[in-house]
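First to last, the sequence lines map onto chains A and B.
The numbering of the first sequence is our numbering, which starts it at 1 and goes up by one.
The numbering of the second sequence is our numbering, which starts it at 113 and goes up by one.
Quick caveat, the hints were computed from the structure, so don't treat them as lab data.
Backbone N, C-alpha and C define an ideal beta-carbon position, used for all residues, glycine too.
Please note that a few of the clues may not be correct.
[Unchecked claim] Output of the computed footprint for chain B on chain A, the stretches with three or more beta carbons under 8 Å from beta carbons of chain B: (1) 14-24; (2) 86-92; (3) 97-107.
[Said to hold, decoys possible] Partial selection, computed: residues in chain B whose CB lies under 8 Å from chain A: (4) F122; (5) M153; (6) G154; (7) L155; (8) G170; (9) F202; (10) Y207; (11) I209; (12) G211; (13) G213; (14) P216; (15) G220; (16) G222; (17) L225.
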Amino acid sequence: SQQGEEDPQALSIQEGENATMNCSYKTSINNLQWYRQNSGRGLVHLILIRSNEREKHSGRLRVTLDTSKKSSSLLITASRAADTASYFCATDSGGSNYKLTFGKGTLLTVNP
Amino acid sequence: NAGVTQTPKFQVLKTGQSMTLQCAQDMNHEYMSWYRQDPGMGLRLIHYSVGAGITDQGEVPNGYNVSRSTTEDFPLRLLSAAPSQTSVYFCASSYSIIGVGAQPQHFGDGTRLSIL
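Could you build the full structure based on these sequences and the hints that come with them?
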């Protein structure tokens, strides 16, 4: 079963705009990760946020975590055409140290 | 470092055939896993391994076998291919088996498998 669910399923913006993607999950987690997948390639790790953290930054990426709402958001600022990709959240499955559960992803298209 | 290498990149099989998808990593990672990615379904965990000789089932293990005789290699075997196994298969690895959720996963570029 899916633990994380991204929203929206697809997002189309212009270069220079900000892009926000959301992830909701069902059970308590220890960590939440965000990944990027370019077309035809494997997933690439972007950022990890622990359950005791509320916000984390990495370059143009900003991730927030609200454990009370079981949700996270990924903000990409000043987007570029090269940011066009699918973005996935991944969470620890409750009770297991060995399993990551991925959402269905958000397809981001940045138009030049 | 090559990272995680998957072979082949593409494969077409007939129903009932068997095959092995190869995965190798050169980062001395303890943890390795296999996912399948289907349109609209995201990634689903098939099997994982926490070290040589130790494997366990994920979310969708039926029809697949794994083994791990070395730290570097984690092959995935399809015993009798079915059209429902048409998918893109990804192998991933991470350094430690302690708190997999707290570690970045390193992915290969996938094997695109079609079962006719």
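A quick look at each hint next to the structure:
no.	hint	result
1	14-24	violated (count 0)
2	86-92	holds (count 4)
3	97-107	holds (count 9)
4	F122	violated (11 Å)
5	M153	holds (7 Å)
6	G154	holds (4 Å)
7	L155	holds (4 Å)
8	G170	holds (7 Å)
9	F202	holds (6 Å)
10	Y207	violated (12 Å)
11	I209	holds (7 Å)
12	G211	holds (6 Å)
13	G213	holds (3 Å)
14	P216	holds (4 Å)
15	G220	holds (5 Å)
16	G222	holds (6 Å)
17	L225	violated (14 Å)
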